[in-house]
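There are 2 protein chains.
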Amino acid sequence: MSEAKTRTTREGDVRHEVIYRAVSDAIIEHRLKPGARLREDALAEVFGVSRTGIRKILQRLALEQLVTLTPRRGASVTRPSAEEARDVFAARQLIECSLMVDAAKRITSEDIEALRKMAQEERQALKSGDQSLAIRLSAAFHLRLAQLAGNATLAEFVERLCSRSSLILAVYGHRGHLGCESHDHDDLIGYLEAGNGERAKAFMSRHLKAIEASLSMVEEDNAIPDLQQIFASD
Amino acid sequence: MSEAKTRTTREGDVRHEVIYRAVSDAIIEHRLKPGARLREDALAEVFGVSRTGIRKILQRLALEQLVTLTPRRGASVTRPSAEEARDVFAARQLIECSLMVDAAKRITSEDIEALRKMAQEERQALKSGDQSLAIRLSAAFHLRLAQLAGNATLAEFVERLCSRSSLILAVYGHRGHLGCESHDHDDLIGYLEAGNGERAKAFMSRHLKAIEASLSMVEEDNAIPDLQQIFASD
DNA sequence: GGTTTTTTTGTTGTATACAGTGTAGACACT
DNA sequence: AGTGTCTACACTGTATACAACAAAAAAACC
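Heads up: the sequence lines are chains A and B, in that order.
The UniProt record's numbering puts the first residue of the first sequence at 1, with every later residue one more than the last.
The UniProt record's numbering puts the first residue of the second sequence at 1, with every later residue one more than the last.
Just so you know, these hints were derived from the structure itself, not from any lab.
One thing to keep in mind: the hints can contain errors.
A pair counts as met if it fits within one copy or between any two copies, since identical chains are not told apart.
Stated by the list, open to error - Here are the computed lysine to any residue pairs in the SDA-like style, where the Cα-Cα straight-line distance is at most 25 Å:
#, residue 1, residue 2
1, Lys56, Glu17
2, Lys56, Arg31
3, Lys56, Ala36
4, Lys105, Ala42
5, Lys56, Pro71
6, Lys105, Glu212
Take the sequences, apply the hints, and build the full model.
This is how it looks when you write it as structure tokens:
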């Protein structure tokens, strides 16, 4: 570590971003399962930084509701409740559908090309069985779509909602049945390309409803924490 | 302060919340003007805590976009651009109007009573010329309204939007012409009490449009570049 | 006199040390 | 055996010290 002191703080900034991404992706891809504890010491050692930096990242993730920060117990990956899942999808239904109208008006040919590429990558991931990657790519697709409408604030909301949706999918989704059907996104691109905003809006609505319907809202069968859930239900 | 060392960390938690509120309110009420620098040292001394706690609060405020955190320059109160203002009001138009329908279905008599009380307080503040307080109460009213719809996620979005709106109003609003007309909120309660969601929705739309229209979207006179322009007047 | 370089100061970024709290294991008692 | 209590450990919360960097001020140079 003797030469490590020459690292500038500017490098430290991007490193924080990298660590944030790493943790965030791990959660979204379900490599870190809901309920998993995230100890500051452990993370600090893994990434070779001090706890200070880790805390900052943990707090950011907590505000995005990807991790839960209980007062003196530390951080753990959030386990979204069924109610939260319902709220999130209701919010997506409202916001994303509405954005399709503006998106159809403003979309350019470059956008279409980029979207098609993303959809293809996603299909590829699905075909090769990489479910984690597919979930993340799907979220990225929806976000990109939302950004087309030109409202940065709403796009940010969609980003948050997509992250949480990924978590929800990882918890309540069936193994063999991923949220987004493989051809759905391509169809959506088609409607947007044709400038048919209303059609895209209706399709997005069905699309989101289909994802939500594919969830099995049964509480996880946690052999051990069964008791906890029963008595911690209020 | 000799026995201050007996303060538990649990007390520290609520203290942080208090400090957060204090800073947040100060920004929302325009006692801290956009562009004002927020030095960690100064805040730490004012509130009697270390910089560590201040940093946490500052980062939270930054994620809520009330303060801007430039890499090595520190924190300052965010100066919302005209574009951001447009985006925020478009988002409010979409979300808050839509929520009125659900709110009308779920509202109870206790809710109505609480809302009337809030509206009255707001009118009082307006009458007594306390513009800062009125802005904050107005935001609280809109938030309370959003919470009625029963979607915690969307309510949280509305909270964020209202905070930012307060900031926008503080920057672009005219002095004598506050955003919310005094009787608007009472009218809205009436529609909700009657269970007329569609009417409430339409009224909310007009209400928000009126607020936005009352803004003067002239770009602020940036003191520093002003000089350059003045002396480059050859 | 104006411009560039150097120094100084002020402020944030990071790490580490310490204090306080939650948790679990051991031991004693019923 | 089962339960209550005590003690040791693990972890987080907070403060402080130090290092890095940016801006402003001063000095030197043209």
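Against the structure, the hints:
1. Both within a single protomer and between protomers do Lys56 and Glu17 lie at most 25 Å apart by alpha-carbon distance, with minima of 11 Å and 17 Å respectively.
2. In the homo-oligomer, the alpha carbons of Lys56 and Arg31 lie at most 25 Å apart inside one protomer (21 Å), although the nearest pairing across protomers, at 28 Å, exceeds that limit.
3. Taking the shortest Cα distances, Lys56 and Ala36 sit within 25 Å of each other both inside one copy (19 Å) and across copies (24 Å).
4. In this assembly of identical chains, Lys105 and Ala42 lie within 25 Å of each other by CA distance neither inside one copy nor across copies; the values are 48 Å within and 49 Å between.
5. Taking the shortest Cα distances, Lys56 and Pro71 sit within 25 Å of each other both inside one copy (15 Å) and across copies (14 Å).
6. For the homomeric pair Lys105 and Glu212, the shortest alpha-carbon distance between copies (23 Å) is at most 25 Å, but the shortest distance inside one copy (27 Å) is not.
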